[in-house]
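Q: Could you build all of it, start to finish, from the sequences and the hints given here?
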Amino acid sequence: MSEVTAYYKLTMELKELLQQKVTNSNREEVLQEANRILDQRELKMQKLPEALETEEEKQQIKAVLKLDPALQKRFQIIFTDLKTEMRNTKKQRNSNQKYTNPYQNVSNYDGMFLDKKK
Numbered sequence: 001m002s003e004v005t006a007y008y009k010l011t012m013e014l015k016e017l018l019q020q021k022v023t024n025s026n027r028e029e030v031l032q033e034a035n036r037i038l039d040q041r042e043l044k045m046q047k048l049p050e051a052l053e054t055e056e057e058k059q060q061i062k063a064v065l066k067l068d069p070a071l072q073k074r075f076q077i078i079f080t081d082l083k084t085e086m087r088n089t090k091k092q093r094n095s096n097q098k099y100t101n102p103y104q105n106v107s108n109y110d111g112m113f114l115d116k117k118k
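Numbering follows our numbering, in which position 43 of the sequence shown is assigned residue number 43; successive positions increment by one, without gaps.
Hints in this document: simulated from the structure, not taken from any laboratory.
Cβ atoms here follow ideal geometry from the backbone N, Cα and C, with glycine treated the same way.
Worth double-checking, as some hints may not be accurate.
[Stated by the list, open to error] Computed cross-link-like contacts, PhoX-like style, restricted to lysine-lysine with a CA-CA straight-line distance of at most 25 Å:
#1 K47 to K15
#2 K15 to K90
#3 K66 to K44
#4 K62 to K9
#5 K21 to K66
#6 K44 to K15
#7 K15 to K83
#8 K73 to K83
#9 K66 to K47
#10 K98 to K66
#11 K15 to K73
#12 K44 to K58
#13 K62 to K44
#14 K62 to K15
#15 K98 to K9
#16 K9 to K83
#17 K21 to K73
#18 K98 to K83
#19 K58 to K47
#20 K73 to K62
#21 K62 to K47
#22 K9 to K21
#23 K66 to K15
#24 K44 to K83
#25 K83 to K47
#26 K98 to K58
#27 K98 to K116
#28 K21 to K83
[Unchecked claim] Computed beta-carbon distance windows for the label pairs:
#29 A63 to P102: 55 to 63 Å
#30 E3 to N88: 37 to 45 Å
#31 E50 to T84: 25 to 33 Å
#32 K66 to R36: 20 to 28 Å
#33 T5 to K73: 22 to 30 Å
#34 A63 to N88: 35 to 43 Å
#35 E13 to L52: 17 to 25 Å
#36 K58 to K91: 49 to 57 Å
A: Next comes the structure, spelled out in structure tokens:
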């Protein structure tokens, strides 16, 4: 199997992985698997020949180039969802802290008179 074909197969595997529904429960596994595929794909990319030999290899590279923006967009969606969830979790944590201790941020000098005479 040529390097181009292996690169193409890894790209298709990544596409199938990213087409899955990513939920809170499987997000970590999907991202770990995507990282593994991307690492392998990077190694194959470095070994790609400068000149493509067969028409099949040229078609595979064209297909990969067409697919790359869609993969990047899907990664962007996944990471945006993750950022949103992290922000919501932080807000919820702050809200819970304010509910359990509402006077935490009140100043000690609130309403108190301080005499500054010598």
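Q: So which of the earlier hints does this model not fit?
A: Going through the list in order, the structure violates hints 2, 10, 15, 16, 24, 25, 26, 27, 31 and respects the others.
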